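Given the sequences, and given the hints that come with them, work out the whole structure.
Each chain is listed here by its residues.
Number of protein chains: 2
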Amino acid sequence: MTPNLDFAKNGGLVPAVVQDHQSGEVLMLAYLNPESWKLTLETGIAHYWSRSRAKLWKKGEQSGNVQEVREVRVDCDADTVLLRVRQVGGAACHTGYRSCFHRRLEGGGLVTDGVRVFDPGQVYGGSR
Amino acid sequence: MTPNLDFAKNGGLVPAVVQDHQSGEVLMLAYLNPESWKLTLETGIAHYWSRSRAKLWKKGEQSGNVQEVREVRVDCDADTVLLRVRQVGGAACHTGYRSCFHRRLEGGGLVTDGVRVFDPGQVYGGSR
Numbered sequence: 777m778t779p780n781l782d783f784a785k786n787g788g789l790v791p792a793v794v795q796d797h798q799s800g801e802v803l804m805l806a807y808l809n810p811e812s813w814k815l816t817l818e819t820g821i822a823h824y825w826s827r828s829r830a831k832l833w834k835k836g837e838q839s840g841n842v843q844e845v846r847e848v849r850v851d852c853d854a855d856t857v858l859l860r861v862r863q864v865g866g867a868a869c870h871t872g873y874r875s876c877f878h879r880r881l882e883g884g885g886l887v888t889d890g891v892r893v894f895d896p897g898q899v900y901g902g903s904r
Numbered sequence: 777m778t779p780n781l782d783f784a785k786n787g788g789l790v791p792a793v794v795q796d797h798q799s800g801e802v803l804m805l806a807y808l809n810p811e812s813w814k815l816t817l818e819t820g821i822a823h824y825w826s827r828s829r830a831k832l833w834k835k836g837e838q839s840g841n842v843q844e845v846r847e848v849r850v851d852c853d854a855d856t857v858l859l860r861v862r863q864v865g866g867a868a869c870h871t872g873y874r875s876c877f878h879r880r881l882e883g884g885g886l887v888t889d890g891v892r893v894f895d896p897g898q899v900y901g902g903s904r
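Protein chains in written order, with the numbering used here: chain A, 777 to 904; chain B, 777 to 904.
In short, the hints are calculated from the structure, not lab data. If a hint is listed, it holds; no wrong ones were tucked in.
Below, simulated EDC-like cross-link-like pairs (lysine to aspartate or glutamate); rule was C-alpha separation at most 16 Å, straight line: (1) A:831 x A:811; (2) B:834 x B:818; (3) A:814 x A:844; (4) A:834 x A:818; (5) B:814 x A:882; (6) A:814 x B:882.
Stretches of chain B that chain A covers, calculated by requiring three or more beta carbons in the stretch to come under 8 Å of a beta carbon on chain A: (7) 790-798; (8) 802-813; (9) 851-857; (10) 868-874; (11) 883-890.
A quick note: this is a predicted structure, and the numbers were derived from the prediction, not measured. Where a beta carbon is used, it is the ideal one built from N, C-alpha and C, also for glycine.
If you want it as structure tokens, here you go:
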């Protein structure tokens, strides 16, 4: 059985907060459509809907940095999901940082203080 | 200066992941519009846009459980924000639980395993 989420509220997509299951670091936010939600639950590997490419997206399909889902949590309104994952490769962000939230606001500007794990030019062949 | 976020991508609203600044627990997801983003930065107290009530929402305005913002992080695409907060009163969820993500998926169903901090009937006078 796939638990129902409220996909209607946000135009067919439910945001998924993705958190490292051990450190608690928030790695990224992605979006689920009904198909990617089902696939994520069936396979235990995070699948999302890519808004920019308008297609189903198995996270890490190109880089190999897949996300093994260790725990799934659903919020009070069933319109947001929290995935606690093991991030293979150690980096969730396509820029090579461990987290997409690698920039901190300070004095009106953004300071990059995240950990960079890989060089995206090598992983994606300069396509990004 | 208020750093620019990509409000256009999601119909004028940017999701904000809210995390306890000490424990790392993810407390909730809420939405920012330009006005609430500005107010959050100016006051250091989390303000959001309530989609259900279609109005500016100072989190905790009724319950007193405001969120003191200790750190603001912006993701790689500037379309999502991470607020690391001190949750006054210890509960972020209007149901009285510490986190809105107080339910875990298990065996196709949802199991409530979160910590309940207050009785919503007493705090909101039974209005919810």
